[in-house]
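Residue numbers (my numbering), protein chains in the order written: chain A, 1 to 459; chain B, 1 to 519.
Keep in mind the hints are simulated off the structure, nothing from the lab. Cβ coordinates follow ideal geometry from the N, Cα and C atoms, glycine included. Some clues are possibly wrong.
[To be verified] Calculated cross-link-like contacts (lysine-lysine; reagent style DSSO-like; alpha-carbon spacing at most 30 Å):
#, chain 1, residue 1, chain 2, residue 2
1, A, K453, B, K397
2, B, K397, A, K352
3, B, K162, A, K269
[Stated by the list, open to error] Anything over 12 Å on all C-beta distances counts as not near chain B; from chain A, calculated:
#, residue
4, M57
5, V228
6, T440
The chain contents come next:
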Amino acid sequence: MSGLLLAGCIAILALVGFWLGRNRAMALVDGNIRNLHSLPGYYGAYLALWCALPALMLVVIWSILDGTVIENLVIAGLPDSLATQSLDQRSLFLSSVRNAVSGNIVSNPTPDILAAATHYAALQSLSHWVLTAAGLALAAAGLMIARRMIVPTLRSRETVEKVIMVIMIAASGVAVLTTIGIVLSLLFEASRFFAIVPITDFLFGLEWSPQTAIRADQVGSSGAFGAVPVFAGTILITIIAMVVAVPIGLFSAIYLSEYASPSLRGVAKPLLEILAGIPTVVYGFFAALTIAPLIRGWGEGLGLDVSSESALAAGLVMGVMIIPFVSSLSDDAISAVPGALRDGSYALGATKSETVTRVVLPAALPGIFGAVLLAVSRAIGETMIVVMAAGLAANLTANPFAAVTTVTVQIATILVGDQEFDSAKTLSAFALGLVLFCATLMLNIVALLVVRKYREKYD
Amino acid sequence: MTDTGQTPGARLGLKNRTTSDENVRQRYRKERRFKLLGQLALGSAIGMLVFLLVTIVGNGYSGFFQHEIALKVHLDPARLKLGDKRDAESLARTSYGNVIKDALRSEFPDVKGRTDRRALSKLVSKDADTAVRDAVLANPEIIGTTQTIWVKATDDVDTFLKGHMSAVEQWSPDVAAKLSLEGDRVRITAAGSAFRDLQPADGSSYLVSINGGVVKLIDVAGGVAKGEVLVAPRDTATTPAGAWHISAYATPESDRRLNDKAIAWIAKLQAEDRVENRFNVSFFQTGASTAPESAGIWSAVVGSFLTLVVTLAISFPIGVLAALYLEEFAPKNRWTDVIEVNINNLAAVPSIIFGLLGLAVFLTLFGLPRSAPVVGGMVLALMTLPTIIIASRAALKAVPPSIRQAALGMGASRLQTVTHHVLPLAMPGILTGTIIGMAQALGETAPLLMIGMVAFIVDIPGGFTDSATVLPVQIYLWADSPERAFLAKTSAAIMVLLAFLILMNALAVLLRKRFERRW
Numbered sequence: 001m002s003g004l005l006l007a008g009c010i011a012i013l014a015l016v017g018f019w020l021g022r023n024r025a026m027a028l029v030d031g032n033i034r035n036l037h038s039l040p041g042y043y044g045a046y047l048a049l050w051c052a053l054p055a056l057m058l059v060v061i062w063s064i065l066d067g068t069v070i071e072n073l074v075i076a077g078l079p080d081s082l083a084t085q086s087l088d089q090r091s092l093f094l095s096s097v098r099n100a101v102s103g104n105i106v107s108n109p110t111p112d113i114l115a116a117a118t119h120y121a122a123l124q125s126l127s128h129w130v131l132t133a134a135g136l137a138l139a140a141a142g143l144m145i146a147r148r149m150i151v152p153t154l155r156s157r158e159t160v161e162k163v164i165m166v167i168m169i170a171a172s173g174v175a176v177l178t179t180i181g182i183v184l185s186l187l188f189e190a191s192r193f194f195a196i197v198p199i200t201d202f203l204f205g206l207e208w209s210p211q212t213a214i215r216a217d218q219v220g221s222s223g224a225f226g227a228v229p230v231f232a233g234t235i236l237i238t239i240i241a242m243v244v245a246v247p248i249g250l251f252s253a254i255y256l257s258e259y260a261s262p263s264l265r266g267v268a269k270p271l272l273e274i275l276a277g278i279p280t281v282v283y284g285f286f287a288a289l290t291i292a293p294l295i296r297g298w299g300e301g302l303g304l305d306v307s308s309e310s311a312l313a314a315g316l317v318m319g320v321m322i323i324p325f326v327s328s329l330s331d332d333a334i335s336a337v338p339g340a341l342r343d344g345s346y347a348l349g350a351t352k353s354e355t356v357t358r359v360v361l362p363a364a365l366p367g368i369f370g371a372v373l374l375a376v377s378r379a380i381g382e383t384m385i386v387v388m389a390a391g392l393a394a395n396l397t398a399n400p401f402a403a404v405t406t407v408t409v410q411i412a413t414i415l416v417g418d419q420e421f422d423s424a425k426t427l428s429a430f431a432l433g434l435v436l437f438c439a440t441l442m443l444n445i446v447a448l449l450v451v452r453k454y455r456e457k458y459d
Numbered sequence: 001m002t003d004t005g006q007t008p009g010a011r012l013g014l015k016n017r018t019t020s021d022e023n024v025r026q027r028y029r030k031e032r033r034f035k036l037l038g039q040l041a042l043g044s045a046i047g048m049l050v051f052l053l054v055t056i057v058g059n060g061y062s063g064f065f066q067h068e069i070a071l072k073v074h075l076d077p078a079r080l081k082l083g084d085k086r087d088a089e090s091l092a093r094t095s096y097g098n099v100i101k102d103a104l105r106s107e108f109p110d111v112k113g114r115t116d117r118r119a120l121s122k123l124v125s126k127d128a129d130t131a132v133r134d135a136v137l138a139n140p141e142i143i144g145t146t147q148t149i150w151v152k153a154t155d156d157v158d159t160f161l162k163g164h165m166s167a168v169e170q171w172s173p174d175v176a177a178k179l180s181l182e183g184d185r186v187r188i189t190a191a192g193s194a195f196r197d198l199q200p201a202d203g204s205s206y207l208v209s210i211n212g213g214v215v216k217l218i219d220v221a222g223g224v225a226k227g228e229v230l231v232a233p234r235d236t237a238t239t240p241a242g243a244w245h246i247s248a249y250a251t252p253e254s255d256r257r258l259n260d261k262a263i264a265w266i267a268k269l270q271a272e273d274r275v276e277n278r279f280n281v282s283f284f285q286t287g288a289s290t291a292p293e294s295a296g297i298w299s300a301v302v303g304s305f306l307t308l309v310v311t312l313a314i315s316f317p318i319g320v321l322a323a324l325y326l327e328e329f330a331p332k333n334r335w336t337d338v339i340e341v342n343i344n345n346l347a348a349v350p351s352i353i354f355g356l357l358g359l360a361v362f363l364t365l366f367g368l369p370r371s372a373p374v375v376g377g378m379v380l381a382l383m384t385l386p387t388i389i390i391a392s393r394a395a396l397k398a399v400p401p402s403i404r405q406a407a408l409g410m411g412a413s414r415l416q417t418v419t420h421h422v423l424p425l426a427m428p429g430i431l432t433g434t435i436i437g438m439a440q441a442l443g444e445t446a447p448l449l450m451i452g453m454v455a456f457i458v459d460i461p462g463g464f465t466d467s468a469t470v471l472p473v474q475i476y477l478w479a480d481s482p483e484r485a486f487l488a489k490t491s492a493a494i495m496v497l498l499a500f501l502i503l504m505n506a507l508a509v510l511l512r513k514r515f516e517r518r519w
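Take the sequences, apply the hints, and build the full model.
Spelled out as structure tokens, the structure:
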């Protein structure tokens, strides 16, 4: 929180700087602003930027480096007996020190730990004070220097606009950084996983049981990381979802755009949008507690053996969730077909349905295809419904009444709760995440390309 | 057009002109079928929505209510271990468990044995302590007196009273009944078919409420029934018609979490009008709890709020700045193309991947605290960023170029043109997109599971770095709980979440309607 306080102080200084700069510029020309190059406010902004930017940069960089530097100093200050321990022991030691500093209970505080903790706390508060002093000094220095630079001919507007432009470019870079962050973190963790489990075993192995035992002599001590059953489960649930979503979504879109009266359209479209706006956790609850028992009951009535976590329940509800995606995207594609094509078809004596199936749909096909691909990518990446309604057991089956598991379920169950960050089990989640990311990325790119390529046909 | 010999009619299914009437009819039938398919599709989609909402509301409305029991509590200073102290601190610190137990035991003096006594004290919630303490703290004078205080029933009692534990059938025979004691058994004699040929051996329980007592039937033969006394009747006077009744519980005793004795105790309290279904205010005031009757959503609501504040503070400025740059200033080159494609792709990346990013980068690399709203907010901000950028760009695009040209013509710089004219005009659209993005973030669960926001949070989080959970995660956690009472709580929490979402979307629609300009 002290960092925030400091940032607040700097912001106040910057405000002071704005006022100073503005007044200074006005004073220089005796209030006759026509003699200034820029409007007075820009001189104020110029001063404020000089005051705030360097100081804030210092605060950010310091905060990032601060922890590592302090830890290294603590390690350097350790007695020789501790300095020579292995890396694992050292990180254990450091974490107890950190706990001791933040006031948590430490199981066995040895004098070494306590001494190191005192050292750590001292360094921390020293760093804090130095940062505060340096930050405020830098802000004040910026203020002084920039104030001297203000002359009526200073092109302050151009400088300020350049800085704002740089900030805007940085903001648009955030999206790219996010993608890079995703790719790098997934690749990094997955490569560590593939160092333990060969990539071929992962992609083509038929057995998935990520539980690695703590003791070597336990049953099932060697975890199996063959992801094929997990992929198969994902595909099975996705297929069920698409079997529900594509016909219903497509026919709804056709009906709404070609048959429905404007008043019905006005009611039905928002209703479908509500379906899209319901949080997935609600669908998950609905699937697990309403649909799954219902299907189980029906299945038992028919003499079928239905698992209480059947793929069918999860798939059906996921299909319902995806209906609005399919319908709104197909609706866009159908509406984009020019009216002249329809008129031509009617003029030849075709009925509405003949027009739709023979003229409108073929023309809208690329858009609909893109919509379906986006829906598939949505279904593959959907998490909460399957976490709550599908099972954990990785069965390699095509039976919709059996319990299957999916990529997202495995990621979620492996990473929820406490986990050691180096075990093959934890890392396998990142490998699954990488596969998921690649699959959805490919689907998205293909969908966007198809839609973009063929949409221009009628524009 | 290789089939040059065919007329267009032939390709549409017309065979030849002589049978065209039949063909037209057939085509119209096809048309109707097609239209029907469309109606069916739309109907089933909307039907699913209605089914979903009806199930949620049907399960959930009872979650807002909670049965409470009026206890006659004798606030004995000795039992409260107070001595002569009456100051607020010792009143707040002492345990009120003893006087609550005493109140229940004095209500049912016949209850003997450890098991039964424990079952008896389990009629009221652990929260009863708080209710009595609050009453005492509000008015310390009442110590030493006997007060009627409403306390919460436990979830089992609540579930039973809401009818979720067993199907109940209740009738009061229109004949008089005579009671006679036979040792520890009791005999009830009633004329006619008052007992409807009941078979107490069939697994159901039949309880007779008579003369202020409750009798469990063991054996019925014609107009004579023998039973076991669960709550002792006042006397053995003959009871007139209509003043006694029989309740049948279909679920066998062994399958219920409340046994027949507990049900009899509740029946007695009910007969004295001391059980009420009241609006559960504490549902909106407390955090998670292992006891369903004291669990609430407030800590999750606060957690959601803190998380959304962080999300908004990060994604709104960055999103608007990025949209401004891309729409107004960016040169059309390969670099901006990459950014555009990248933003579109990011919008379709599964949310759980953002959770993995948060885990690997924010938690492991930067060492930020687990379960904290600040990290959750950052992850959700990255997730909603594409939504806000895309919506903002659409809003900026809708501002006509003539406005820009006019401003530039007056000598404004490009940045001045944008900040003074284009941005204010696009603001309603940008805000609409932002609200929709925030609604999305509010309903998101999966990425927050990855960064540890699944903690069991009893306290209300006080800051951005405290451990917290959010509303959807709370729903997920409750949905996993085995207690029947949590089903209603979960649905109730879903109703609250949906209410927030509807509110936000309504606000977005309002903004759009109010400020949208057609050029």
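Hints and how they fare:
no.: 1; hint: A/K453 / B/K397; result: holds (22 Å)
no.: 2; hint: B/K397 / A/K352; result: violated (36 Å)
no.: 3; hint: B/K162 / A/K269; result: violated (37 Å)
no.: 4; hint: M57; result: holds (18 Å)
no.: 5; hint: V228; result: holds (20 Å)
no.: 6; hint: T440; result: violated (6 Å)
The structure fails to meet hints 2, 3 and 6 from the earlier list, while all remaining hints are met.
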